[in-house]
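Participant: From just these sequences and the hints, can you work out the full model?
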Amino acid sequence: MQVSKRETCPIVVDEHVVMVRQKVRSLAIEAGLSLVDQTKIVTAASELARNTIIHGKGGHVIMELVRNGARNGVRLSFEDSGPGIADIDQAMRDGFTTGKGMGLGLGGSKRLSNEFSIESTPGQGTRVTILRWK
Amino acid sequence: MHDKLATTLEDDLTTRIAQTGAKGVLIDISALEIVDSFIGRMLDNIASVSRILDADTVVCGMRPAVAITLVELGLSLSGVRTALNVERGMELIRSRLDRDGGADAGFET
Numbered sequence: 001m002q003v004s005k006r007e008t009c010p011i012v013v014d015e016h017v018v019m020v021r022q023k024v025r026s027l028a029i030e031a032g033l034s035l036v037d038q039t040k041i042v043t044a045a046s047e048l049a050r051n052t053i054i055h056g057k058g059g060h061v062i063m064e065l066v067r068n069g070a071r072n073g074v075r076l077s078f079e080d081s082g083p084g085i086a087d088i089d090q091a092m093r094d095g096f097t098t099g100k101g102m103g104l105g106l107g108g109s110k111r112l113s114n115e116f117s118i119e120s121t122p123g124q125g126t127r128v129t130i131l132r133w134k
Numbered sequence: 135m136h137d138k139l140a141t142t143l144e145d146d147l148t149t150r151i152a153q154t155g156a157k158g159v160l161i162d163i164s165a166l167e168i169v170d171s172f173i174g175r176m177l178d179n180i181a182s183v184s185r186i187l188d189a190d191t192v193v194c195g196m197r198p199a200v201a202i203t204l205v206e207l208g209l210s211l212s213g214v215r216t217a218l219n220v221e222r223g224m225e226l227i228r229s230r231l232d233r234d235g236g237a238d239a240g241f242e243t
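As you go down the protein sequences, you meet chains A and B in turn.
Residue 1 is where the first sequence starts when you use my numbering, and the numbers rise one by one after that.
Residue 135 is where the second sequence starts when you use my numbering, and the numbers rise one by one after that.
Please note that a few of the clues may not be correct.
What the hints assert, rightly or not - Okay, derived cross-link-like pairs now, EDC-like style, lysine to aspartate or glutamate, Cα gap no bigger than 16 Å in a straight line:
1. 100(A) x 79(A)
2. 134(A) x 30(A)
3. 23(A) x 167(B)
4. 134(A) x 115(A)
5. 138(B) x 15(A)
6. 57(A) x 89(A)
7. 100(A) x 137(B)
8. 110(A) x 89(A)
9. 134(A) x 119(A)
10. 23(A) x 7(A)
11. 57(A) x 15(A)
12. 57(A) x 30(A)
13. 100(A) x 167(B)
14. 138(B) x 14(A)
15. 110(A) x 206(B)
What the hints assert, rightly or not - Here are the in silico distance ranges between beta carbons for each label pair:
16. 138(B) x 110(A): 51 to 61 Å
17. 29(A) x 201(B): 15 to 25 Å
18. 153(B) x 5(A): 30 to 40 Å
What the hints contain is simulated information worked out from the structure, not anything from laboratory work.
In this text the structure is predicted, and so the values were computed from the model without any measurement.
We put the CB at the ideal spot given by N, CA and C, even for glycine.
Facilitator: Printed below as a string of structure tokens:
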């Protein structure tokens, strides 16, 4: 898989969530994603960016335009050095939350993506990566 | 839409319902490019609070791509009444007022 464009954006305050949504939208348009797929990845990005602030105590996202043969896609990696997630299976479950949200962020963004991975080390941080192909 | 803006809208709207005695709240979200779980929860909250204050909330104008995404995200907005556009939303609210015989109802938009 080739990376043809890479950009990093901090996610510390609420305004960054809006900024991430806008940047992901332009990247999705550049990758040629349909309107529905653009909406899906922007929504997933919004969920994960908010998780980065609320649960990760801030972090950043690496946004990439990727290419696999003739296929274009958008890959996003949300990284924080927060408390991490002790039980990932539990965190992925719809309705589970340690915050004030609805507990849809992780499970929902997985459903909105073509590829999803999560790595977390308690005490060190979390990285969630999603990819949406054209 | 900004998170704080969404929270402010929730507070302002609730205050206005109480002040004006409005029987209907129509929220046009046709300008929203996405609805995530934060905004979805806000819409649900507004609908619940306004119901307790005896006002009907109708959310209208949701873009088709947003609706598809919302369902996949896992949010069905089951507590919120929806309409395709503003006209149909107003019809929904009016029909409820007619049913209740609420001729004295004032609209606040």
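Participant: Decide, hint by hint, whether the structure agrees.
Facilitator: Against the structure, the hints:
1. Taking the CA atoms of residue 100(A) and residue 79(A), the gap is about 21 Å. The hint is violated against a cut of 16 Å.
2. Taken as a hint, the residue 134(A) and residue 30(A) pair is honoured in the structure, with Cα atoms around 10 Å apart against an allowance of 16 Å.
3. Restraint check for residue 23(A) and residue 167(B): satisfied, since their Cα atoms lie roughly 13 Å apart, inside the 16 Å limit.
4. Taking the CA atoms of residue 134(A) and residue 115(A), the gap is near 12 Å; set against the 16 Å cutoff, the hint holds.
5. Proximity of residue 138(B) to residue 15(A) is assessed by CA-CA distance (about 9 Å); at most 16 Å being required, the pair is judged to hold.
6. Pair hint residue 57(A) plus residue 89(A) does not hold up; C-alpha atoms about 21 Å apart against a cutoff of 16 Å.
7. Using a Cα cut-off of 16 Å, the hinted pair residue 100(A) and residue 137(B) holds, with the two alpha carbons roughly 14 Å apart.
8. Straight-line distance between C-alpha atoms of residue 110(A) and residue 89(A) comes to about 13 Å, which keeps the hinted pair within the 16 Å bound.
9. In summary, the hint linking residue 134(A) to residue 119(A) is not supported, as the alpha carbons are separated by about 25 Å, beyond the 16 Å threshold.
10. For a cut-off of 16 Å, the pair hint linking residue 23(A) to residue 7(A) stands: about 9 Å separates their Cα positions.
11. Proximity of residue 57(A) to residue 15(A) is assessed by CA-CA distance (about 15 Å); at most 16 Å being required, the pair is judged to hold.
12. The suggested pairing of residue 57(A) with residue 30(A) is violated, with an alpha-carbon distance near 31 Å, which exceeds 16 Å.
13. A threshold of 16 Å between alpha carbons decides the hint, and for residue 100(A) with residue 167(B) the separation of about 24 Å lies outside it, so the pair is violated.
14. Between the alpha carbons of residue 138(B) and residue 14(A) the distance comes to roughly 8 Å, so the proposed pair stays at or under 16 Å and holds.
15. For the suggested pair residue 110(A) and residue 206(B), the alpha carbons sit about 10 Å apart, so the restraint of at most 16 Å is met.
16. At about 28 Å, the beta-carbon gap between residue 138(B) and residue 110(A) misses the expected band of 51 to 61 Å.
17. Range check, residue 29(A) to residue 201(B): Cβ separation about 20 Å, and the 15 to 25 Å hint holds.
18. The hint said 30 to 40 Å for the Cβ distance between residue 153(B) and residue 5(A), and at roughly 50 Å that hint is violated.
Of the numbered hints stated above, those contradicted by the structure are hints 1, 6, 9, 12, 13, 16, 18, listed in ascending order.
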